[in-house]
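Colleague: Model the full assembly from the supplied sequences, consistent with the hints where possible.
For the protein sequence lines, the chains are A and B, in the order given.
Mapping of the first sequence onto this note's numbering: position 378 corresponds to residue 378, and the numbering continues sequentially without gaps.
Offset between the second sequence (1-based) and this note's numbering: plus 473.
Worth double-checking, as some hints may not be accurate.
[Unchecked claim] Below, in silico cross-link-like pairs of lysine to any residue (SDA-like), each with a Cα-Cα straight-line distance of 25 Å or less: (1) B:Lys695 / A:Ala449; (2) B:Lys729 / A:Gln380; (3) B:Lys623 / B:Gly760.
Bear in mind the hints are in silico, worked out from the structure with no lab data behind them.
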Amino acid sequence: MGKVPFHVSVAACATAFLPSIGLAATDAEVQSLRDELARVKAEYAERMAKLEAQIAQLTPQAEVGATAAIETAVAAPAAPPAEAAAPAQVARSAATFNPAISLILAGNYTNLSNDPEDYAIQGFVPAGEEIGPGDRSFNLGESELTIAASIDPYFMGSLTAAITAENEIELEEAYFRTLALPEGFTLKGGQFFSSLGYLNEMHGHTWDFIDQPLVYQAFFGGQMAVQGLQLKWIAPLDFLVELGVESGNGDYFPGTRLSRNGLNGLVAYGHVGGDLGETLAWRTGISYVDLDAQDREFEDVNATGEDVLNAFTGSSKTWVVDAELKWTPVGDPRRQYLKLQGEYMQREEDGDLAYADSVQSLDGSYSSDQSGWYVQGVYQFLPRWRFGARYDSLDSGDTKIGLVQQGLLGVDDFSILVPGTPTRTSLMFDWSPSEFSRLRAQYAWDDAAEGPTDEQFFLQYIHALGAHGAHKF
Amino acid sequence: MFRKILTAAVALLAAVAMPTHAEIKVLATTADWGALTAELGGDKVNVYTATSALQDVHQVNAKPSLVARTRTADLVVANGAELEIGWLPVLLQESGNPKIRPGSPGYFEAVSAVRLIDVPTNVDRAMGDIHAQGNPHIQLDPRNIAAVAKALTARLASLDAGNAAYYQARGADFQSRWAAAMKGWDQKGAALKGAQVVVIHKDQAYLVRWLGLQQVAAIEPKPGVPPSAGHLAELVTKLSASPPRMILRNAYNEPKAAEWLSQRIEAPVVTLPFSVGGTREAKDLFGLFDDTLNRLLAVKP
Chain A
1 MGKVPFHVSV AACATAFLPS IGLAATDAEV QSLRDELARV KAEYAERMAK
51 LEAQIAQLTP QAEVGATAAI ETAVAAPAAP PAEAAAPAQV ARSAATFNPA
101 ISLILAGNYT NLSNDPEDYA IQGFVPAGEE IGPGDRSFNL GESELTIAAS
151 IDPYFMGSLT AAITAENEIE LEEAYFRTLA LPEGFTLKGG QFFSSLGYLN
201 EMHGHTWDFI DQPLVYQAFF GGQMAVQGLQ LKWIAPLDFL VELGVESGNG
251 DYFPGTRLSR NGLNGLVAYG HVGGDLGETL AWRTGISYVD LDAQDREFED
301 VNATGEDVLN AFTGSSKTWV VDAELKWTPV GDPRRQYLKL QGEYMQREED
351 GDLAYADSVQ SLDGSYSSDQ SGWYVQGVYQ FLPRWRFGAR YDSLDSGDTK
401 IGLVQQGLLG VDDFSILVPG TPTRTSLMFD WSPSEFSRLR AQYAWDDAAE
451 GPTDEQFFLQ YIHALGAHGA HKF
Chain B
474 MFRKILTAAV ALLAAVAMPT HAEIKVLATT ADWGALTAEL GGDKVNVYTA
524 TSALQDVHQV NAKPSLVART RTADLVVANG AELEIGWLPV LLQESGNPKI
574 RPGSPGYFEA VSAVRLIDVP TNVDRAMGDI HAQGNPHIQL DPRNIAAVAK
624 ALTARLASLD AGNAAYYQAR GADFQSRWAA AMKGWDQKGA ALKGAQVVVI
674 HKDQAYLVRW LGLQQVAAIE PKPGVPPSAG HLAELVTKLS ASPPRMILRN
724 AYNEPKAAEW LSQRIEAPVV TLPFSVGGTR EAKDLFGLFD DTLNRLLAVK
774 P
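Modeller: Structure, rendered in structure tokens:
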């Protein structure tokens with residue numbers, strides 16, 4: 001921390017100092033002063049480089065880490081432009097290799113009519129921690145830190161980590177991507193949000209609502225991050241045709257880690273898109289997700305009210321169809337636009353379901369065919385002001401549980417799997433004072449769980465600091 | 474089954490996508506650089522322009538069609554100095570096209586040929602939409618157009634060496650026509666020297682400098698920050714005693730604030746094309762300056 005203000009003040013002094021001297025002096029004086037200044041600057045640069053090296057050695061990584069890096073990145077462009085002496089230039093160009101760093105600060109106030117502890121998406125196997133509306137009252141959202149840069153002429157790298165309010169660091173993405181493959185191919189490797197569907201690869205701060213559509217929550221636990229590789233190809237055409245395949249260790253919902261070598265699971269997707277005249281842009285696509293699960297555990301409550309632990313082993317195949325349309329009536333999205341989007345998902349799972357309560361452990365067959373969709377529209381009616389509406393609908397289908405069919409257990413012993421047709425309606429209103437800040441209000445009527453409608457009200461802020469993010473379509 | 478569909482699709486696309494001609498495919502980010510590339514490249518280039526004069530180029534969507542155009546481009550002619558920072562990096566990255574990466578011969582930035590003004594000594598987002606490298610809106614000074622044309626001619630000639638003589642001949646022709654036109658504009662523009670103007674955003678800074686206009690106020694209190702009622706009221710107080718000759722508005726700007734001010738301080742709003750295509754008359758770069766001057770001179774002092 002300490003070194004940064006020092007750095008800035010030196011730079012600031014140098015800038016403020018130079019021109020005022022130049023104005024008042026004669027040529028000879030100017031020359032001698034310039035030499036003197038160049039000497040002083042060189043000395044400073046050298047001393048600073050030494051100091052920085054020492055600090056870097058002394059300070060443990062974890063403490064300096066994020067904050068120092070951010071402040072350095074912010075301070076770097078503040079260095080005096082143009083006519084600086086050579087040594088100072090060297091110091092500056094070393095800093096210019098710093099990766100682009102951006103930080104998202106987000107938080108919300110949440111008011112829920114139902115206890116979020118009881119939240120469930122009826123009929124669907126719980127897909128992890130990140131489903132539901134979150135906690136009541138004031139909540140710190142995820143602070144999302146992204147660091148990205150070119151690695152060399154062949155690769156770029158990017159890391160996004162979310163620091164949660166529970167003081168945990170959650171790795172969202174950490175990947176490299178090729179820069180120099182020919183013929184429109186790009187290879188990505190590491191951990192990254194899958195390009196399936198439309199919303200899956202969007203980071204939380206770019207969502208148009210505070211939460212993900214129910215279908216994403218139920219089918220992918222919010223978002224699916226692949227640990228593995230992605231190969232993508234863009235066709236050399238005047239409209240977009242993008243094809244991609246992803247594979248990895250398979251350890252992401254609805255899959256689990258498998259004790260197998262090689263590639264586990266497959267995601268394949270294709271997107272096409274283009275313009276319709278001057279004011280309409282569209283994109284649509286289809287994706288296929290094929291994953292295997294080995295002992296994918298979930299908690300449930302049986303007919304006697306006892307907590308039980310069940311586990312699914314088998315195959316999971318999901319189809320996703322997505323479509324987006326953006327209309328900019330006056331041609332300028334800054335002034336007005338309407339964005340419509342929708343996605344439909346269908347999933348089949350086949351395999352075994354293990355049931356275990358305090359008395360017995362049983363094993364039987366399991367097969368489900370589930371589907372869901374959402375549609376939403378967001379209208380920016382004035383620069384900086386938007387409102388939106390979204391409708392979610394899911395159909396759990398009739399899940400066939402062998403243990404129930406054989407009469408060993410009752411339907412009520414799998415209470416979360418009792419068929420359901422969850423729905424939700426959400427309204428959103430937001431105001432963005434600038435490109436870098438957004439304040440949002442959202443109201444939702446959530447019928448995902450059994451029982452009375454959960455009326456949800458949220459206020460949210462999203463602030464972006466640091467490097468200017470560029471957003472996808 | 475999916476694999477079969479995939480294979481069939483790839484085979485079909487490969488057949489459709491066979492290269493059929495040798496022209497250089499150019500993606501220009503703005504209408505001005507698109508027009509300039511077309512002037513200089515003639516029938517050896519195929520130019521696609523990503524934005525129109527009626528858009529705020531700071532904020533453009535990285536639409537699917539633009540990803541596709543970036544994928545097939547042999548040359549990207551960008552403005553640079555962070556003007557396209559919200560969308561061009563996405564296009565360059567998503568397109569999987571190594572030819573047009575920054576630093577490659579296939580990536581050209583207009584600002585590389587000129588000296589920027591308004592280079593901030595300190596940058597902080599609290600100051601609004603400022604650009605660390607300087608004011609990027611260089612196209613409204615014809616001397617900048619000449620400088621960019623020279624650099625772009627050299628780039629075209631090196632990228633497509635087989636047609637180098639063609640580009641140089643076209644470049645020389647353009648430069649002489651431009652120099653002649655500039656003489657006319659300088660003469661006409663002399664009448665505007667010292668004229669007091671109110672601008673909306675600082676994107677007319679190069680025009681103001683070239684014509685020697687005197688900018689007395691800006692409607693946006695900070696770049697990119699819309700004016701509040703209080704700020705507008707302050708402007709009225711400040712300007713009504715000695716109203717400026719005119720209020721300059723770009724074709725892409727919302728007219729409201731300028732018109733509101735105009736009614737209160739008795740200064741007319743002059744709508745400038747700002748970019749090629751911004752008005753009906755600004756059909757090309759020559760038209761851009763002809764029309765800009767005509768509109769400025771239409772206001773009697």
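Colleague: Looking at the structure, which of the earlier hints fail to hold?
Modeller: Going through the list in order, the structure violates hint 1 alone and respects the others.
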